Amino acid sequence: MSDARLAELPPQARRGALGWARAHLFGGWASSLTTLCLVGLVVWLAPGLLRYLIIDAVWSAADGGACRAAGAGACWAFIGAKWPFFVYGPYPPELRWRVDLTMALGAALVAWNLWRGAPRKGLAALALLVAYPIAGFALLYGAPFLGLAIVPTAQWGGVFLSLLVAAVGIVFSLPLGVLLALGRRSKLPIVRMASVGFIEIVRGVPLITVLFMANVMLPLFVPEQWSPDRLLRPLVGVALFASAYMAEVVRAGLQAIPKGQIEGAQALGLSPWRMQRHVVLPQALALVIPNIVNTFIGLFKDTTLVAAVGALDFLRAIDVARLDPAWAGPTIATTGYVFAGLFYFVFCFAMSRYSLGVERRLARASAR
Amino acid sequence: MSELVRADQTPAVDIVDVHKWFGDFHALKGVSLSVARGERIVIAGPSGSGKSTLIRCINRLERHERGHIFVDGVELNDDVKRVEAIRSDVGMVFQQFNLFPHLTVLENCMLAPIWVRKTPKAQAEEIARRYLARVKIPEQADKYPAQLSGGQQQRVAIARALCMSPKIMLFDEPTSALDPEMVKEVLDTMVELAREGMTMICVTHEMGFARQVADRVVFMDEGQIVESAPPDEFFAHPKHQRTRLFLAQILR
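Chains as they are written, first to last, in my numbering: chain V, 1 to 368; chain Y, 1001 to 1252.
Hints listed in this document are in silico derivations from the structure and should not be mistaken for laboratory results. Be aware that a few hints might be false.
Stated by the list, open to error - Here are the computed lysine to any residue pairs in the SDA-like style, where the Cα-Cα straight-line distance is at most 25 Å:
| # | chain 1 | residue 1 | chain 2 | residue 2 |
| --- | --- | --- | --- | --- |
| 1 | Y | K1121 | Y | E1075 |
| 2 | Y | K1136 | Y | A1177 |
| 3 | Y | K1118 | V | G122 |
| 4 | Y | K1121 | V | V280 |
| 5 | V | K121 | V | L146 |
| 6 | V | K259 | Y | Q1123 |
| 7 | V | K187 | Y | R1063 |
| 8 | V | K259 | Y | H1205 |
| 9 | Y | K1143 | Y | K1167 |
| 10 | Y | K1143 | Y | L1187 |
| 11 | Y | K1081 | Y | K1136 |
| 12 | Y | K1081 | V | S186 |
| 13 | V | K301 | V | A350 |
| 14 | Y | K1143 | V | R277 |
| 15 | V | K121 | Y | K1184 |
| 16 | V | K187 | Y | P1120 |
| 17 | V | K121 | Y | Q1123 |
| 18 | V | K301 | V | V280 |
| 19 | Y | K1143 | V | Q276 |
| 20 | V | K259 | Y | P1120 |
| 21 | Y | K1184 | Y | Q1147 |
| 22 | Y | K1029 | Y | S1047 |
| 23 | Y | K1143 | Y | A1085 |
| 24 | Y | K1118 | V | R277 |
| 25 | Y | K1143 | V | S186 |
| 26 | V | K121 | V | S186 |
| 27 | V | K187 | Y | D1142 |
| 28 | V | K121 | V | K301 |
| 29 | V | K259 | Y | E1065 |
| 30 | Y | K1143 | V | E263 |
| 31 | V | K121 | Y | I1114 |
| 32 | V | K259 | Y | K1136 |
| 33 | Y | K1121 | V | L105 |
| 34 | V | K259 | Y | R1063 |
| 35 | V | K187 | Y | R1066 |
The structure presented is a predicted model; accordingly, all values stated were derived computationally and were not measured.
Hey, can you work out the whole structure from these sequences and the hints?
Below, the structure is given as structure tokens:
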């Protein structure tokens, strides 16, 4: 290599694993001390965790007997045995294929929509947002004229109920949030005041209060036969609650769009709706993708609160399952909650990674 | 007299005693200006003189508070549909280009024809490519605005406005945000447009451009039209002290 070429390379110390470690882990005495402390913490904690979660764990057992033995770790056998209940709740076992089919369809449609460069994106969105909810409802609830027996919502539960609440919340909160954000910036005083009032009231109240109000107070005002389904109430509550937060996220994006963009669109004769649809919103939403996904992640975890009004979501299903006397034992609760933690982490982390991917793509687009 | 001839005699833009306030600031103080079809007007004046405000009133980006503005014989009022119709016939080019950064150059040019004129997509694309060729950047059609130089972006902005087949073009300091070496390419595009007979109202400090293409130069100061004359007369024999002062500063 010539001297000139060599000069263009970074100095030797910056290269290689050793160079990296010296620069980033032991850059000074404070940095070195922090590194050592954190490594110490890991060394101290990791063996116990490994032993409990993997080495001493009970991987298969017919009942809780093996898990009750002294020194036994996490009781993964319990998760295996109760898995169907975690997924479906009390949904009739012989009809669970309907839940499977609904979830498989949903997963396929979500993948079609999120996959960049997929063919027929418009059709994909239409299928996911219009056809799928109808088909999903017919499958889950039943449609006697199609030969699908009715399963009342009281028998819904588990993972599929959690995903349902989250999906309904996500699907409705974004468009509602966009409308509320536009309403809050509207020049019409009634529209603006109604939007501000809704957003501030909903944001000022804990979700659990909204859920209790939906469940306990609604029947007081509405005649019994009109009273909405017991599952529909928390669904609506969660969607409205999330939309108030979403509205503020979207508003932040709208405010970041320069006035020149609006004038450019107006000067071309675009109507206000077309301008929002084609010029303002695409840019505003792209700006706040991290915050939108943040709200989705919060919403996904908040679905656990529907248990407070009697819906048997995934977390509540674990709670119910661990009371089974056949499995009672000192490690059952820990195992259940660790598993719940893993489950929520996997979903939230996936959402977070997807949003990072979208951000990178948009950053590339704007930097081109 | 036939309908057609009468229509031809209606001014393209007729501004009658227009006033505009920003809070307590009286930005336009009774401005009247009539622009004939095919006429090229250059509006000059010191900053804060109200020249940008005036042309922004013509497509109602600013709302005038007194007086009347007729565009192609139709009076501008609060009727939203009428304003949108007038805007679709009046092209505007901004100092900061105001291209849509999330759309390609081609999509920028196709947006309004598709959604305002309801032009079929294929035809809109054909129109867009034709005008991009006319502003001499057909090869940039699939790039994003941020990938283009300032001069190229401003030419895209001109093409985007032309795609709506406007009857009148407004230019609001189109070269002020450009690096010096890019001013000429934008001015050349504007000169060509003027040669084709477009009705143009340009707010600009480019006095060379004014000399070359303007039918009339309008000088504004403190919200009023001080002087209006053909360029030869305007530059050779300015009547007012304020005009002379301005020209002395700008034409060193």
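We went through each hint and held it up to the structure:
1. Straight-line distance between C-alpha atoms of K1121(Y) and E1075(Y) comes to about 32 Å, which puts the hinted pair past the 25 Å bound.
2. With a C-alpha separation of about 20 Å, the suggested pair K1136(Y) and A1177(Y) falls inside the 25 Å cut-off, and the hint holds.
3. With a C-alpha separation of about 20 Å, the suggested pair K1118(Y) and G122(V) falls inside the 25 Å cut-off, and the hint holds.
4. A distance of roughly 21 Å separates the Cα atoms of K1121(Y) and V280(V); the hinted pair therefore holds under the 25 Å criterion.
5. For the hint linking K121(V) to L146(V), the alpha-carbon distance of about 29 Å lies beyond 25 Å, and the restraint is violated.
6. For the given pair, K259(V) sits about 30 Å from Q1123(Y) by alpha-carbon distance, which is inconsistent with the 25 Å threshold.
7. Restraint check: the Cα-Cα separation between K187(V) and R1063(Y) comes to about 15 Å, which is no more than 25 Å; the hinted pair holds.
8. Between the alpha carbons of K259(V) and H1205(Y) the distance comes to roughly 24 Å, so the proposed pair stays at or under 25 Å and holds.
9. For the hint linking K1143(Y) to K1167(Y), the alpha-carbon distance of about 28 Å lies beyond 25 Å, and the restraint is violated.
10. Restraint check for K1143(Y) and L1187(Y): the C-alpha separation of about 23 Å stays at or below 25 Å, so the hint holds.
11. Straight-line distance between C-alpha atoms of K1081(Y) and K1136(Y) comes to about 34 Å, which puts the hinted pair past the 25 Å bound.
12. Restraint check for K1081(Y) and S186(V): satisfied, since their Cα atoms lie roughly 18 Å apart, inside the 25 Å limit.
13. Of the pairs offered as hints, the one joining K301(V) and A350(V) holds, with about 14 Å between alpha carbons and a cut-off of 25 Å not exceeded.
14. Among the hinted pairs, K1143(Y) with R277(V) is consistent with the structure: their alpha-carbon atoms are about 22 Å apart, no more than 25 Å.
15. At most 25 Å may separate the alpha-carbon atoms for a hinted pair to count; K121(V) and K1184(Y) exceed this at roughly 43 Å.
16. Pair hint K187(V) plus P1120(Y) does not hold up; C-alpha atoms about 33 Å apart against a cutoff of 25 Å.
17. A hinted pair counts as satisfied when its Cα atoms are at most 25 Å apart, and K121(V) with Q1123(Y) qualifies at roughly 23 Å.
18. This hinted pair does not check out: K301(V) and V280(V) have alpha carbons roughly 30 Å apart, beyond 25 Å.
19. Taking the CA atoms of K1143(Y) and Q276(V), the gap is about 23 Å. The hint holds against a cut of 25 Å.
20. The suggested pairing of K259(V) with P1120(Y) is violated, with an alpha-carbon distance near 29 Å, which exceeds 25 Å.
21. Between K1184(Y) and Q1147(Y) the alpha-carbon distance is near 20 Å, which keeps this suggested pair within the 25 Å criterion.
22. The hinted pair formed by K1029(Y) and S1047(Y) meets the criterion: a straight-line CA distance of about 16 Å does not exceed 25 Å.
23. Distance restraint check for K1143(Y) and A1085(Y): the Cα-Cα separation of roughly 30 Å exceeds the 25 Å cut-off, and the hinted pair is therefore not satisfied.
24. Only pairs whose Cα atoms come within 25 Å are accepted, and K1118(Y) paired with R277(V) is accepted, the gap being roughly 16 Å.
25. For the suggested pair K1143(Y) and S186(V), the alpha carbons sit about 34 Å apart, so the restraint of at most 25 Å is broken.
26. At most 25 Å may separate the alpha-carbon atoms for a hinted pair to count; K121(V) and S186(V) exceed this at roughly 31 Å.
27. Taken as a hint, the K187(V) and D1142(Y) pair is broken in the structure, with Cα atoms around 37 Å apart against an allowance of 25 Å.
28. Between K121(V) and K301(V), the direct Cα distance comes to roughly 29 Å. Violation of the 25 Å bound is thereby established for this hinted pair.
29. For the hint pairing K259(V) with E1065(Y), the CA-to-CA distance comes to about 21 Å; that is within 25 Å, so the pair holds.
30. About 22 Å separates the Cα atoms of K1143(Y) and E263(V), which keeps this hinted pair within 25 Å; it holds.
31. For the given pair, K121(V) sits about 20 Å from I1114(Y) by alpha-carbon distance, which is consistent with the 25 Å threshold.
32. With a C-alpha separation of about 29 Å, the suggested pairing of K259(V) with K1136(Y) is violated against the 25 Å cut-off.
33. The hinted pair formed by K1121(Y) and L105(V) fails the criterion: a straight-line CA distance of about 33 Å is larger than 25 Å.
34. Our distance criterion of 25 Å between C-alpha atoms is met by K259(V) and R1063(Y), whose separation comes to about 16 Å.
35. Taking the CA atoms of K187(V) and R1066(Y), the gap is near 22 Å; set against the 25 Å cutoff, the hint holds.
Hint check: violations occur at hints 1, 5, 6, 9, 11, 15, 16, 18, 20, 23, 25, 26, 27, 28, 32 and 33; the rest are consistent with the structure.
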